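Place chain W on chain B using the hints.
There are 2 protein chains.
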Amino acid sequence: MSYIAPVKEMLFAMQELADLERVAALPGFEDAGPDSAQAVLDEAARFNANVIAPLNVEGDVNPSSFKDGIVTATPGFKEAFSQFVNGGWQGVVHPAEYGGQGLPKLIATPCVEMLNAANLSLALCPVLTDGAIEALLIAGSQAQKERYVPKLISGEWTGTMNLTEPQAGSDLALVRTRAEPIGDGNYHIFGTKIFISWGEHDMAGNIVHLVLARLPGAPEGVKGLSLFIVPKFVVNEDGSLGARNDVHCVSIEHKLGIKASPTAVLQFGDHGGAIGYRVGEANRGLEYMFIMMNAARFGVGVQGIAVADRAYQRAVAYAKDRVQGRAVDGSSKAPLSIIKHPDVRRMLATMRALTEGARALAYVAAAHSDIGHRHTDASVRADHQAIYEYLVPVVKGWSTELANEVASLGVQVHGGMGYIEETGAAQHLRDARILAIYEGTTAIQANDLVGRKTLRDGGAVVKVLLAKIDETLAALWEHKSYESSAAFQALHKRLGAGRESLANVVDYVLTHAKDDPNAVFAGSVAYLKLAGIVLSGWQFARALLVATDKRNDDPSFYDAKVATAHCFATQILPLATALEAAIVGAHDGNEGALALTDDQF
Amino acid sequence: MSYIAPVKEMLFAMQELADLERVAALPGFEDAGPDSAQAVLDEAARFNANVIAPLNVEGDVNPSSFKDGIVTATPGFKEAFSQFVNGGWQGVVHPAEYGGQGLPKLIATPCVEMLNAANLSLALCPVLTDGAIEALLIAGSQAQKERYVPKLISGEWTGTMNLTEPQAGSDLALVRTRAEPIGDGNYHIFGTKIFISWGEHDMAGNIVHLVLARLPGAPEGVKGLSLFIVPKFVVNEDGSLGARNDVHCVSIEHKLGIKASPTAVLQFGDHGGAIGYRVGEANRGLEYMFIMMNAARFGVGVQGIAVADRAYQRAVAYAKDRVQGRAVDGSSKAPLSIIKHPDVRRMLATMRALTEGARALAYVAAAHSDIGHRHTDASVRADHQAIYEYLVPVVKGWSTELANEVASLGVQVHGGMGYIEETGAAQHLRDARILAIYEGTTAIQANDLVGRKTLRDGGAVVKVLLAKIDETLAALWEHKSYESSAAFQALHKRLGAGRESLANVVDYVLTHAKDDPNAVFAGSVAYLKLAGIVLSGWQFARALLVATDKRNDDPSFYDAKVATAHCFATQILPLATALEAAIVGAHDGNEGALALTDDQF
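Chains as they are written, first to last, in UniProt numbering: chain B, 1 to 601; chain W, 1 to 601.
Next comes chain B alone, as it looks inside the complex (with noise of 0.2 angstroms):
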């Protein structure tokens, strides 16, 4: 089956709650308005489900092929990507200057979300190069963004970003790769780099890799890599490609899933070394790849939400076709549709409360971005980023967490079936798996939470967050629906005792981070899943309200939303608590989740 893009739930997120129109009103964004989002979200809706959803299961049976240091991608890859390209789709959110559509994040949102929710393995590539690019105009030099980003925004070249050695995964301190000076103000780059995703293929004409590496006599550990750009293909000075550079693809990985994306081993400089071109000042290096990082972070939260939603398409397909059993209310003597049965229609309500939530959380967040960027009010500008960085991580891994737990829940309502292969709910599954790894895991995500965005600023942002969702607890409380609705109770009273552990385990971060680093890092991923479910309840909390008051504009739509939040407050807020309980529990004595020694596992 193929993927529609819910249009209609994805403009409602973006309109009622991540406020589209104060988006519009940004110097810059005069013409992203609703009627301009619209359209841009329905052609994408086309796009995506007439040329890109069609090629995932050939992509799963057919992936990209290694021979010879050649990549060939999936059969038809090259033709889609080429109709990507030809449409514009990779310059949605980049600047127009260098030929891009200028969009906000907002708009461009959604439209990442449809080209992963169609095709994971080959959306990747694009979201990679979105980071290469965003990397390159805040840190690049005039000569490399005029060099480099045109291209890149037409979809000429791709980019990957390059980080991981054997030794270097999560711990980039090990990189080893070297960087000489070869006197011309560049550089000769040699090493090895694993797990790059579209490290080689056939599908564009050059690729910029943007590579970490160390210069001669650069301190030890990451305050001693320096950024580089490493092209396939020199560019000469009239921006034609010259010489094959010295970066070679030497194998590709056989994996659990995303197939058709090739992660390759990149061998640089076997043949006398791979130019390099340095990309801002030496040893800065990872603070600029943090700026591809966290535009790749807040993709590959987007990518969580896009395979859930397609996973939750395909379980409802099936459980409204395949008929089995009777009505346990006895309703029905006849075996119905299983959609019918109370366990598959919860499952399938849970698929859908998580993956909305999880949209409107990341929808808001871009919006946060995109006022972070272009309001004219620096401190509007420094509030709204600060918000947006707190919950990228959140987004990051979040969203990749639900979307295991979706894309399994999506096999299970097929039951054997879906474990067939040619069903394609487990393809869901096995490609939604790296989501919570790449891009640094959701480990790596928490700590970002605990660290650089909780315990740097006292928790000042979170403590903006809360008084928010006091906002809109206060507004459920006072409506006139509140007394009469089981939904506005449930929601009320899940999201404020969610809200009070995300306010407690805030609190025990801040008090206990450095008498008990171990205990509250313990607790950290489950502090990342406490605050994914508020914070995506508190979403539902304001949908609620809306379709209560614009009910009648839509009945069947708003509600199916005031239906979702219920499901969300009675189905995951619960969780809160324990999560709560966990990080607290961590903190026993440590005997917790901690008390095993090395020995003992």
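Careful, some of the hints might be misleading.
Pairwise CB distance ranges (calculated) [claimed, not checked]: (1) R176/B - E156/W: 53 to 63 angstroms; (2) P95/W - N504/B: 54 to 64 angstroms; (3) R46/W - D598/B: 21 to 31 angstroms; (4) P166/B - G242/W: 53 to 63 angstroms.
Selected chain W positions facing chain B (in silico; Cβ < 8 angstroms) [stated by the list, open to error]: (5) A45; (6) K255; (7) D329; (8) G416; (9) I437; (10) V525; (11) G592.
In short, the hints are calculated from the structure, not lab data. Quantities reported herein were computed from a predicted structural model and do not represent experimental measurements. Even glycine gets a Cβ: it sits at the ideal position worked out from N, Cα and C.
Frame of chain B, contents of chain W only:
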């Protein structure tokens, strides 16, 4: 890496929690005391480590293959299976009069666990043969028992269960396979069965298919099903093999995991009719098949524990070996084994706690089965059998759901390497995913738990278990270590809360099954998980008491047990409250889990 059976841990659960000495005091089990158990487990551990485990990866890379109706097992499987049967391992639990060893289920269960941990795909064949043996012993005629059971116990032949058809999965009322009398008291079978594990293969001389089919004029629905023996080769009067029967494999499935286990589509009667022999009375087939299914369901629960332990062992080995990152508490500037990092340690401890808790519960269930079969007092037998039957869906459902979670954590511990197939962690995730589906999905187990195991006796059995939990809670409270032990306090608090949640949910189920069956069944899987968590937590509380009292006999083992119990208390037991909320929440006017209408999905 290979698999090292946790013999000491298994013996602890058998002796201290499942009361092996009481089982060994039952008639016929006089030789089944701790020394025998240790000897059998040691030998099983050696055999599975040396012969079976090394074939696990091979089975994944080189699955069973199908050509022209012939299924060829993975290279090496036939020889390994031959060693398995020559060692007498198929017969461990079966009666000596038919060639078995007649050992208690409590001793057979760790043997089954080891075989499955070593190689889930291969082990599935004997698990199903066990079920066929049990069904024939209970429902077969004396002649049928004599003809088939000794060969199944010796392992010369294997057994299968044939229930599913394309239109009849969980819903056996829809079975269409026909059985036509042929005048000599036997039948011709016609129809198509799918998802038949080890339904065709080359590891044994014959395959005894147990097949559900309908006699002419049989009632519709499940009350019109009869059970038939359909051997691959007809068995002559003298026990020798006769003609090839008209049951043929027409294809095998391409699956997410357990790839070495051929999942056959079997065609019965395309060439005139497959000879079938009726087992027991007409139209009681489902009842007999349930004997086989219940044995197989318990076995599948043990499969969950097995694959979880294998995933845990692999993750621990990797975490000790992989060096990456510095200490979060600043205690070391040099990179550390990742097992030192709090989040990795939390993941490993969680994997271990889930696995040990499920193992303890399964072994306790096995002992109840032994007492239920062998005790001299009929009322004692009935009481224990009732507890066993309550525990079967819990062991099956909870152990397999947690296997998914543990195997996924195993991948996560490996980071990016976990996504690369050669690492082996991903195979466990793929293999495990079938367990919550086959032999009845978790929802089917949960329906059984609600319907047959809770409503039918008005909650009598679960209330017995709740009373036993109260005794353990009192023992914790009264223990001299309570005041000084964080583990005692945490377990007392969290198990106490979990016990309340379970009691509340049982009351809820009993109260609302009639007036709101949809809400009760929407909460059935949550009830099953809640029961799994609380009953496992109870085993940890019992283990904590033993480990504390015996601590000085073996400090390193018992200290680890205390630490694992503490981890279960803080990381797992708090989920009980969330599950209770999800169940009761579903009852809020059905607007929680069930509010969305069909069209709204």
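Consistency of the hints with the structure:
| no. | hint | result |
| --- | --- | --- |
| 1 | R176/B - E156/W: 53 to 63 angstroms | holds (59 angstroms) |
| 2 | P95/W - N504/B: 54 to 64 angstroms | holds (58 angstroms) |
| 3 | R46/W - D598/B: 21 to 31 angstroms | holds (27 angstroms) |
| 4 | P166/B - G242/W: 53 to 63 angstroms | holds (60 angstroms) |
| 5 | A45 | violated (19 angstroms) |
| 6 | K255 | holds (5 angstroms) |
| 7 | D329 | holds (5 angstroms) |
| 8 | G416 | holds (5 angstroms) |
| 9 | I437 | holds (6 angstroms) |
| 10 | V525 | holds (6 angstroms) |
| 11 | G592 | holds (3 angstroms) |
The earlier numbered hint that this structure contradicts is number 5, and it is the only one.
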